[in-house]
Each structure stands twice: as C-alpha cells, then as structure tokens.
Amino acid sequence: MSSEMSKEDAGGAVAIALSGVTKRFPGVVANDRVSLSFRRGEVHALLGENGAGKSTLISILSGMQQPDEGEISVAGRPVRIASPRAALKLGIGTVYQHVLLIPSLTVLENLMLGGAWWRPLDRAATLTRFTELSALLSTRLDPDAPVGRLSLGEQQQLEIMRALWHGELVLILDEPTSMLTPQGVRELGAVVGRLRDHGVAVVFITHKLGEAYALADRITVLRLGRVVGELAPEQLRDATEQQVIEAVIGFMFGRDEQAAELEETLAGEAEAATRRSLDRSGPPALVLTGAATRGERGECPLREATLEVWPGEILGIAGVDGNGQKHLAEALAGQRAFAAGSMVLDGRDITGLEVVARRDAGVRYITDERLGEGTSAGHSVAANLVLKEIGRPPFWSRGLTRWGAIHGHARAQIQEHDVRTPSERTPIAKLSGGNIQKVLLARELDPEARLVIFNKPTYGLDLQNTKLARDRIRAGAGTRSAALVVISNELDELLEVCDRVAVMDGGRVKGTVENAPGAEAAIGRLMIGADAA
Amino acid sequence: MEALLTTVFLGSLLFGAVTAGVPLLLAGLGEQISEKAGVLNIGLEGMMLFGAYFGFAVAYQSESVALGFLAGGAGGVAAAAVMALLCVRLGMNQIVVGIAITLGAEGLTALLHYFRFARSYPRLGRIESLPVPLLSELPIVGRALFDRTLLVYLAVLLPFLLILVFRRSQFGLNLQAAGDKPAALDAAGVSVLGTRVAAVLLTGFLAGLGGAYLSIVGGGLFLPFMTGGAGFIAIVLAMLARGKPLWVLFGAFLFGASLALTTAMQVAGVNVPTDVIQMLPFAMVILVLVLFARHAYLPPALAQPYHRGER
Amino acid sequence: MSDRALPASRSASRWGGVLVTLLRVLLPVLLALAAGGLILLSFGKDPFAYYGYVVERGLLSPTGLEASITRMAPLLLIAAGLIVAFRAGLWNLGVDGQFLLAAVCVAALAPPLAGLLPHALMLLVCFAAAALVGAAWSAIPAYLKARHGINEIISTLMMSFLGVSLANVLIKIVFNDPTTTVPQTETLAVADRLARLGDTTVHWGVLLGLAAVIGVHYLMSRTALGLKLQIVGSNPRTAIHAGIDLKRLTFVAFALSAGLAGLGGAVDLLGVQGTIRADWNPAYGIAVIPLIFLARFNGWAVIAFVFFFAVLMIGGESAARRLGVPSFYVLVQVALLMLFFAVVETFDHAWRKRRGA
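Chains as they are written, first to last, in the working numbering: chain A, 16 to 548; chain E, 1180 to 1490; chain C, 8 to 364.
These aren't lab readings, by the way, just hints derived from the structure by calculation.
Take these hints with a grain of salt, some might be off.
What the hints assert, rightly or not - Here are the simulated DSSO-like cross-link-like pairs (lysine-lysine), alpha carbons at most 30 angstroms apart as the crow flies: (1) Lys482(A) with Lys445(A); (2) Lys52(C) with Lys403(A); (3) Lys403(A) with Lys445(A); (4) Lys52(C) with Lys445(A); (5) Lys482(A) with Lys223(A); (6) Lys445(A) with Lys223(A).
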C-alpha cells in the first residue's frame, strides 16, 4: 500500500474510499480491514469466491449494513451510509444480482419509487430524467410497460437507470452478467463503457475472470474478507488474459498444486475435447418429443421441446434463465404434467407417470433449489436422505417408520459421501450449501438411476464443491451408462462436462451443438435467437 | 297493489343493503390496504368490534355522533396497533395474532358492555340524515341512497379516493411494493416496516369506523359479538377484489343486500326464519369462492414478515 | 455455518435447559394471568378472589375436578384434530362448525337409534356419523385449497359460520322436539349416554380423547403418513418434489382434522349434553387453537394445556354465577395467553440468536 499516492494519480479522482473497514458476523469476519478506493471514470472489478466478502462490502456501500470498524469517505469527506436512502442520496447506486424491481408496476412507477410518501407522483419530472438517462445509456425502454413484461436485460438497464437516478457518482454492479445472454453481456459492456467515459466510478463484482479482464480497468481480489491483491490499470493494459488469470489465481490461492488444479475449473478450460467418443449407434435412452407444459403467472412453459439422450451421454441444456428450463426439469421428473408430447425412457412410454412411478423407472432429479424444494428444511439429514422413499420398505413397514434403519442408512451415506454434519439428526437447513448438495447427490445417484436431471448443479457452491459436483456428474455418466441432462446457465460448466449442448429459447429447443471446438460460438448464436446453421 | 308491494320491497331492500353494506365497505377497503402492503389482517373482526363498542360508548356519553365515529376509528387503531407491533415490528405469525385480537376484542367488548350497559341497554336516538336535495325525493332509491348520514356518502366516495391513492401517490406505490417485493422497496430507500405499520393502522381506522357505523347508525346500540362475522366477510371481499377498490364497493353492497333480505322479505310478507337468512352471506362467500376461485389473488409477500437480508 | 463446535457449557446447562423450557411455557401463562388480573381490577373485581375461586371450583373440589376432566373430552378430540391440520400446514379454523353440526346430527340420531340398536352399536353408528359429518363439512375448503390454492383460513371460517347457522336451522325446523317450548332436539335418556368411569361423573369419552391425542402424536412421529403430512406442512414444494400427492393429503388431513372435531361433538352430546338447544355454540375450537401452539404441537403438552384450560373454563363458569364476572372473561384470558406466548416466543428467538450464533 506504499504506492497509494502514485496509483491515485494514475486514475481519476477518488469517488469513494474505504479504509480499514471491518464487518463481523457471528463466527465469521466477513470484511477484515478492507481498504479500497474507487475512482471516477474507472471500471473496477472485485473478484473473489463465494464467501470472499464481496456481498458484505456491497451491503455496506449501499447502506444495507453498517461496518463495525473503519471509515468510508465520499469525495474526500468522511460519511456514514446509514440506510439505502442515504447511499442513493450520496450518488451511490447499486444493481443487485437478483432483480429488485416491482413486477406489477410500470417502468416509470418503479423509477418513482422512493419519494416522500405524501407526495403525489410527479410523472413529468420523472419522464424528463428518464429521457436524460436513456440518452446517456442509449437504451430504449417503454416508460409505461409493466416491468414484469421486460426481458431480464431490459430490467437490468432499468436497474442501472435507477441506480444513477440521484447522481452519477458510483455504480455498483453485483454479478451483473449471470442472467444475461452473450448479446446482453455485450450490451452491458457498452453501457458500462459509456458510463466510464461519463466519469462514473463503476464497481463490478464478479467471480468470472474473463469478464473482469474484458471489462475492468482495475481488478481487486478478495479472499476470506481481505484484499489479497490488486492489478492496476497500467498492469492490466499490457497483460494477456492468461497472464491475468495466473496473477489472480496467485492472489487467491498462492502458488501450489491445489491452485493449479482449481485453475482449470475456474478458467473453464474445455477439457471436453479429450472426452471419450460416444457410441450413438444404438437407440437413445431418453426420447422427448414435442413436450409442452402449461405456464403459470410469469413462468415460461415448454412449447414443443424435443430431445434425445443416449445411454452414458451427458446432454447440457444452455439458455438464458427463464426460457423453460425449470419446466423441462420438472416435466422430465414427473412433477409437472405434459400438456402435449411424449417421453420415452429405455423404450418405455412414461409420459403419464408421476414422480414416484418415474422414480421407479429410474428417473432422478437434482433440483437447483436445494432448500426450497429439494429438502425439507426442518427435517433431519436422515429423513431427507429417504425423502423420496417414504412409506416403502426397508425404511417403513406397513406404514410404520423404522427410524433405526433410517438413521443407520444415513450414517453410512454421510460417511460415504463425506457430508459434513454434526449428526444424522441435524436439521438439514443447518448444513452448508455444499453439504446439502452432497446429500442430494447421495439420494439421487444410485445404481438404479437411468436418467438423471441436474438443474444448475453448482449454483452457489464454492470452488471445491463445484469441482466435486462436476466430477460426480462425469462419474455418473461413465460408469452406469445412465442418460444425464445438465441444465446450467454457466456455459463454461456445460462445455466442461457435456457431450452435446442443447439451447433452450422461449420453451423450445432451438438446436443442439456437438461439444467440439467452436461450440461456444454456435451456442451463443442459438442463445441470441439466431437460427441453427 | 302488487306494484306497491314491489316498490316497498325494493325500497327497503336497497335501504337495508346500504346500511349493511357500509360497514363491509369500510372494513373491506381497510383490509385491501393491508393486503396490498403484505399484511393479512385476520384481526379485522376484532377491530370492528372495538370500533363498534367505543363508537357507541362515546356517542352515547357525548351525545355527538361525530365524536362517536372518531372514537370508533380510534378503537380500531388501538387494536391495529397491537397487530402492527407484534406482526410487523416483531414479525410474529399474522394468523395467530389476528385470532388473538379477534378473541380478545370479543371478550373485552362483551365484558365492557356487561359492566356498563347490560342493565340499562341504552339506545341512541335516530341519527339525523343529510338528504340530498331533489334526489332524495326519487322513488325507491331516494330514501335508500340520498337520505343518509354523512359517513355513508364519504364511504361511497372512499373507493374513488383510494384509486387515486393507489395509482397517483408515492404512498400507493409504496403499498404495492411492500406486498409485491418488499426487498425492492427497501432497496429504494423506503421503510418496509413503516409502510406496513401505516397500512395496518389505516386498516384499523377504517374497520373501527365500520364497526362504529354498525352500532351507532345500524342498531343504535351495542351488543356483544354484534359484528357476527362481518369482519371475515370483509376479508373475503378484499381477497376477491384483487386490489381494485371498486370491486369492494360492488361486493359490499351485494353482500349488504343479502343481509338485508330478511327484513325486506318480512316487509313483503314472506316469512323465512332468520337463521336461514343468516346463512345467506356465508353461503354466498363459499359459492363465490367455488365459482371464482381462480380469480382470488393475494400479493406474493402476504403474511410474510420482512427482515432485511432474507430473500 | 453450523459445523462449528457447540458451546462447552452444554452438559452443565442441562438443568438450565429444562428450566428455560419450563420458563418458556410458564412465562406466557403467568403474564397472561397477571394482565387478566389487571383487567379484572379495572372492573372493580378482586383478581385474587377470582383466581382463587376458579382454582377451588375447577381443581380442588371433587365435583369441580370431575367436571373439568369431563370437559376435557371434547377439547381433547378437537385438539387432536387441530394437531393434524396444523402439522400439515392447514389452518382449519372451522372446527366450531364441524363440531356443532356433528353434535346436532348425533343429537337427532341417538334417541331414535337407542330404541332400535344395542347400546354399543348405537354409539358406533353415532361416532361414525359424527366423524363423517365433520369431515364432510371440511370438504369444500379442502377442495378449494387442493384444487385452486385458496387460503383455507377464510373458507374454513366461512364454513364454520355457515355450519353454526345450519345447526340452528336444523334444531329449529328439522330436529325440533315438539314436546318442549324452547326449540331443542329430543333428549337422550341418561341410561343411553356414555358410561361413567367408576363412581365418578366422568364418562369414558375422556379416554377416547386422550387416546386420540396420543394416537395423533404417534401418527405424526412414527408413521409414513405422519411424515408426509409434516413435509406437506413445512414445504408443499418439497412434497411435490418427493412425489407426495399433495392434493390427496390435503383432503386426508382435512378429513382427519374435521372428523376428530366431529367426534368431539359426538362425545360432548353423548357424554354430557344429551340434547342441544337452539343457539348453543360453546366455540371450543377457536379457544383450543392457542393451546396447540402453546404446546408446540406436542401431544403430551397438549393434554396438560387442555386440562389447564378446562379448569379455567369450569372455574370461570362457577365464578360467573358467584362473582359476577361473565364467562366472556375466559376469551380475554385465552387471547392474552396467545399474545404473551407470541411475545415470549419472539424474544426467546432473538435472545437465542444473539447468544447461540
């Protein structure tokens, strides 16, 4: 930190500076003496794994939480950001990872939210500022469209607009690309560029190195709540992507073997090229033909989805969130009825079967909502391990629960799958995300599995558990010749584990791409709606 | 002869429909505000009872109807304050607290009545009405609609005022956001708890006013348990109205008509036991629910306490 | 976040744990009694005299104690039904209608059947009819909930109001005993009622109530159906994911819950009332609800709280006659109990969060 002065000279004026900011939660130090400066006219990426303290830092900057120690100054003056409103007043706007708009209100109404409660709505003034910001961002939103009808990219534009509403000092973007199409990411890049040129200090939180490299002028790496390294603009300017990746990995893990191994996962090195070649001469294990479902409020249903998966094959499902992936998973698992179409597994038509019968036929489903759907939060790890066997032998006989057998089974599974839990009787909600995922994998990946559906299998997991889950997916396909369907919005992940990748758009399968060199571009084209070549 | 009967019948039916409908309208609009903000107010019945008792007691003591209505509103607010503290501020189960408030209000107002009025059973005199010139002379509708107390006119205007509030004011946006996506409201720098507390207190005021109308205008006296489920009917009205105040207006007078049918039929000389008639509004609610089940809508964050940082 | 070591003082605080649990249960009761006392005081009644009288007449005098235990019979059956519903996440607030309609139907059925069938068979038919009537009265809310996701709070309450009115209509018009001046059903001869236990005035319906609560307790903790109901109650989406038939179980839970409430009606009629007068509605159900929460759905604790409540009711009824405190006061007492329970619960959570985190 000795070169503090010279660095400041290199960038623009400091918009907001943190010094020695510490935030403790019971048992964790989320931010440990973090000192950082964000400069005007600079895109500053914050990189780090889950739990590195990025979210807490944003919460502090946006006034949602107060630091226990340390100082924050805005334009050189010390401030206390006591509330979200105070942050907005200071010109610090935040766009959160999850959309924070009111779907039932219009674009303008969402922008008007936050005024003094007794005031009538001032449509004219809002429209003026809206037009001004639309010009700055060069976006084209209909001010009277209900937000629920906008695409996710448009909703994000609206969020950026709102974040800049009270002033264009600091814009914080929290994992802004996770929901976007490649096209949307490009557009976001353009908007960010314009804001930088306008003199906004853009803070860009991400865990994707490639994006940080592409968009940022400065990269700060956080680990376990501390700042562990920084790449200044002059360093970034001359470095290749590979050099930056190495430098960041060096900050994150130090140079050792574990890091080298993780590097592959992190950088998304496509090792698929070296995969075994699959024999697709026989009949496919799963044939889904013209599947359609009924959509409820705000959901995208399936509209004529057709898929084939061969035994031992891993089929990836790519696509922007909310294009029917959830319905596909649920329809395959038997949780959602088909409105049309058919599903044939191993030559047997199982379209009309429900969850239990499908499970008997070998269908397994690992949901992306581990706590909200996959497990019963208040019940024990043991009960959750037999959640889909309730009432059946050997754990139940004539409807009576054999808790002894269930607990014994659980102890064995906990041991085998290395689930970190105080005991098999611990409520599952007390486990970490990675360990809950281990329980789900233990429950669903058994030798009788014929078709396994993984919905965002690594969502929210740390690197270790991400790698573990991906290894288990590959093992699942290799040894048991089951058909695997992996739904994910992380293209890197699909390219790493899948044999083929199908792209979903508006509830349809737009096309399927063999995972070979050049697949990424082909998938990207399908995702933005260009037709398959 | 028959024409006369029909006129009398319709006139008294319409008059009764308005009398019975106004408390439902006030309480239903109140519940709508609460539900919009994400608070399911099961204590509505209790708030109405508080309003009915205190409205009557003050009107009787002060001999001022206006003061009575005010006291009724205040009574409702007092009960709502308990709800606001326990459910909004402390995040307790809204259903449990709502039941407690209703039970407590039933018991407490019955006790108060027992100790103060059970020997004398006092009644208020006829309430002066405010006839609208010319219109009040019309046959059938004249007496029913245009020769009423001021509160009736205000109550009928209220849905239109609420439409303005919901669509054209910051407060309206805040209410909608608090029930739809509280985290977004919080991020916009508006206090979710403050918005919800305001909504609950407003609900209490309107429910109290409705209760006061029931005792001061409707009966001229207070009786234990006199709301007889009106609060719950109002909750259903709000649920079925899907956030639209005019639907509450429409529903309230429809239910009011079914409540008024007994008297109207007795006027017309048809004798139906009161118990059968009493079943009508509840049967209608069930029928409406069965027929229009798919149209009932509740905000996504209803009955869920808001804590910052949870999603 | 949880795999950190537990506090070292765990074994030492074993007794402390018991104490805290006891305090969590007793504190709301004490606070509610104290607050109720203040209300009595404000009406110029001596709370100590009132509570003393309640304890004496509801608990200490032999006839009072027997009356309290007898009163437990319908309350326990209603409680058993509520445990099933609440555990399954269903707010069956319509138990009063289910209870009363079943009671009225049994009141109409029992006297003529008593002359036709052997005693045991007559009782069996009556119990079956009561359970059926109760369950049938929950069918519409169950349908609305299962098919359309309509909030059962409203629909069960509406059905309850409807049921109470319908019961009155039935008594006044259909099942009216023409020999009496007040509209009421034909009275069941004392000889045809539920047998008494030994020399007491307590009938064996109490045993049925105890069996129901304990049975439900075991149903919930030791059977597949119980676990399924619990999962439905804690998260319907998990239930769908696990292949549990949500709709069927919603009907099952409602039928069990309302059926048990109906049995409560049968037991009260066959054991104590013998006849039902028009406009009789004890409204047991709504008052039992807080007790279930107070007991945290635990069957054994429910029995204890139902006993406490029965003493309060019986004592309160005597006090109404003697001390001029109307029995509405018990409603206030229950509401206070519920409020203080919620308050203590919340502060307990906050306290444990701060300490245990």
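Hints violated by the structure (listed by number, smallest first) | Checked against the structure, the hints that fail are numbers 2, 4, while the rest are satisfied.
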